[in-house]
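J.: If you want the building blocks of each chain, they are given just below.
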Amino acid sequence: MSSDKPPILDIRGLRKKFGDAEVLRGIDLSVQAQELVFVIGPSGSGKSTLLRCCNRLEEPSDGSIRIDGADIMARSTDVNAMRRQIGMVFQSFNLYPHLTALRNVTLALAKVLGKPRAEAERIGMAALDRVGLAARGRAYPGELSGGQQQRVAIARALALEPKIMLFDEPTSALDPELVGSVLAVMRDLKRGGMTMLVVSHEMRFARDAADRVIFMDHGAIVEEGPPQRMFSAPSQARTLAFIAELTR
Amino acid sequence: MSRFLDTFFNGTVFERYLPAILKGMVVTIEIAVLVVITGILLGLALAVVRSFRVLAINAVIVVLVDVLRALPPMVLLLLVYFGLPNVGIVVPSFAVLWLVLALVLAAFAEEIFWAGILSIPKGQWEAARSTGLGFLATLVHVVLPQAIRLAVPPLTNRTIAITKNTALGTVIGVGEILNQATAAQSFSGNATPLMMGAIAYLILFVPVVALGRWLETRFAWRRA
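For the record, the sequence lines run as chains A and B.
Position one of the first sequence corresponds to residue 1 (this note's numbering), numbered consecutively onward.
Position one of the second sequence corresponds to residue 1001 (this note's numbering), numbered consecutively onward.
Simulated from the structure, these hints should not be mistaken for laboratory data.
Some clues are possibly wrong.
Stated by the list, open to error - Here are some chain A residues the structure puts well away from chain B; computed CB gaps all over 12 Å: (1) D10; (2) D28; (3) Q32; (4) A70; (5) D78; (6) H98; (7) G137; (8) A153; (9) R156; (10) D168; (11) E177; (12) D217; (13) A237; (14) A244; (15) E245; (16) R248.
To be verified - Label pairs and their computed distance ranges (CB to CB): (17) L1084/B with E143/A: 21 to 31 Å; (18) L240/A with R1218/B: 50 to 60 Å; (19) G1123/B with D68/A: 49 to 59 Å; (20) A1045/B with A173/A: 31 to 41 Å; (21) L240/A with A1115/B: 43 to 53 Å; (22) V79/A with G1123/B: 11 to 21 Å; (23) G1123/B with D129/A: 23 to 33 Å; (24) V1208/B with R122/A: 39 to 49 Å; (25) R207/A with F1052/B: 28 to 38 Å; (26) E1216/B with R191/A: 26 to 36 Å; (27) S172/A with A1115/B: 26 to 36 Å; (28) R187/A with E1216/B: 41 to 51 Å.
Just so it is clear, CB atoms sit at the ideal spot from N, CA and C, and this is done for glycine as well.
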C-alpha cells in the first residue's frame, strides 16, 4: 500500500461512551485505498460501534474521523451526503420487505441522487448483476434466501459507488451453506479495488483476502498485522487466547 | 301476526316515509365519508408529527388523544354543540357531528399508526439512513409503507365502530337515518320507519364490514 496518498478512512483518538460505559477508548486506525482491513475481537469489544461511528449511525464522543480527507465530524458536514459515500452492510441485512430487490437497490438512487427511474434501474440492475442476482430483481426479500438477501444488501450499498464499504458481521446471521456466496461477492469486490473495513470472524476469508487484521478488546486496538502473522504468531497473549478460542 | 306486520312492516307508512329515510341515508353517507377521510388523514398526520419526537408537541398530542379516546363521543358531541354557542361560536349540527367524530377517529388512528411506526425495526431506519436518505424520506418511503400495512386491520375495525356513531347525530338534529326514522315514527305512531332505518343501516354497513374483512386478509403482513 502506498502511504504517500491520504487514507480513505482515517480515525484518530476515537472515543465513544454510552452513559458511563466507555465502549471505544481512543482508536487510531487508517485504511488505505483498495485495502481490506479485518476487525476481530470478542463480543462487546467495540467492533460494531467502531464501524457504526464511521458513518455516524453512532455519534462519536471524541476524536476525529476523515473519509478521503473530509472531516465527517465537522459542523458543516452534510451527514446524508457523507453517508452515501460509505456503504454499509448489516448483520441482519435490513432489506425493505415491502420493496422488490431492485427497488431496494434503487430507492436511494431515486430519492437521494434524484436519478430518473430508467437510469436508476439500469444502475440497480448492474449492481444486482455484480452480486449475481440480476435474475431476481423482481423478487421480494421474503422470497429470497438469507445469502441472496445479504447480496441484495451489498448491491444496495454498491449502487451508490461508495468510497469505502463497511461490513458488520455480514455472514453471522446466515446458515453455513449460504456463507460462501456472500464471501465470494466480497472477494470479488476486493479484486475490483473496493476499500473495505470488515467486522467478521470468517478466519479463512481473512487469511486469503485481508491485507491487515486488527484485534480489538475492551474498546481498544490490542494489535494489528498481516493475517498470516496475526493468526499464527500474534505478539499479544490476549490475541493468542482469542484466536485459539476461534479456531478450537 | 298481522299486528306485528302492521307495526313493523306497514306498507302505507313505508311508502310515505321512504323518501325521508333515503334522504337520511345520503346524509349518513356524506358524514361517514367525510369522517373516515379526515379522521384517518389527521390521525396519520399526528403520528408523523409525533415521530419527530419533540417533547412538548408530543405531550400535547398524547393528552389530546387520551382525552378523545376516553370521553364517550356523545358527551363530546353535546359539549361542542350546546357549549360553543355560549361563547358566540355557532356551528351547524352537521359540522359538529363531522368534527367530533373525525377528531375521535383521528385520536384512535394516531395511536394505531404510531404503534405501527414503533414496531418497524430499528435496522430499517439505519439501513435507509446509511444510504443517505434523510429522516423524512426514510419515514415516507421505508417506515410508513410498512407501518400503514400493519395498521390496516385494527384501523378498519375502529373506523367501522366510529362511523356507526353517525347515529348520535340524531340528538343534535342532524337529518341522518336515525333522525329521519324517529321523526317519522312519532308522526306516524308506527314503528315501521324505525325498521326501515335499521334496514338502511344494514344496507350501508354490511358491505363496509365485508370490505373490512377483505382488507384485513389482504393486508395481513406477509412474513419474510
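J.: For every hint, state whether the structure bears it out.
T.: Each hint, compared with the structure:
1. D10: holds, 20 Å
2. D28: holds, 24 Å
3. Q32: At roughly 23 Å from the nearest Cβ of chain B, Q32/A sits farther out than 12 Å, so the non-interface label holds.
4. A70: Since the minimum Cβ distance to chain B is about 15 Å, A70/A lies beyond 12 Å and the statement holds.
5. D78: At roughly 9 Å from the nearest Cβ of chain B, D78/A sits no farther out than 12 Å, so the non-interface label is violated.
6. H98: Label violated. Min Cβ-Cβ 5 Å, cutoff 12 Å.
7. G137: The claim holds: G137/A sits with its nearest Cβ about 17 Å from chain B, beyond 12 Å.
8. A153: violated, 8 Å
9. R156: Not fine: 7 Å to the nearest Cβ puts R156/A too close to chain B.
10. D168: It is violated; D168/A is separated from chain B by about 10 Å at its closest Cβ, not greater than 12 Å.
11. E177: Check passes; 19 Å lies beyond 12 Å.
12. D217: holds, 25 Å
13. A237: At roughly 36 Å from the nearest Cβ of chain B, A237/A sits farther out than 12 Å, so the non-interface label holds.
14. A244: holds, 33 Å
15. E245: Check passes; 28 Å lies beyond 12 Å.
16. R248: The claim holds: R248/A sits with its nearest Cβ about 31 Å from chain B, beyond 12 Å.
17. L1084/B with E143/A: 21 to 31 Å: violated, 55 Å
18. L240/A with R1218/B: 50 to 60 Å: Holds: the Cβ-Cβ distance is about 58 Å, inside 50 to 60 Å.
19. G1123/B with D68/A: 49 to 59 Å: Between G1123/B and D68/A, where Cβ atoms are some 27 Å apart, the hint is violated.
20. A1045/B with A173/A: 31 to 41 Å: holds, 37 Å
21. L240/A with A1115/B: 43 to 53 Å: Distance hint for L240/A, A1115/B holds at roughly 50 Å.
22. V79/A with G1123/B: 11 to 21 Å: For V79/A and G1123/B the Cβ distance comes to about 19 Å; the hint holds.
23. G1123/B with D129/A: 23 to 33 Å: holds, 26 Å
24. V1208/B with R122/A: 39 to 49 Å: Since V1208/B and R122/A have Cβ atoms about 45 Å apart, the given range 39 to 49 Å holds.
25. R207/A with F1052/B: 28 to 38 Å: About 48 Å separates the Cβ atoms of R207/A and F1052/B, which means 28 to 38 Å is violated.
26. E1216/B with R191/A: 26 to 36 Å: Cβ of E1216/B to Cβ of R191/A: about 50 Å, so the range 26 to 36 Å is violated.
27. S172/A with A1115/B: 26 to 36 Å: At roughly 30 Å between Cβ atoms, A1115/B and S172/A fall inside 26 to 36 Å, so the hint holds.
28. R187/A with E1216/B: 41 to 51 Å: holds, 47 Å
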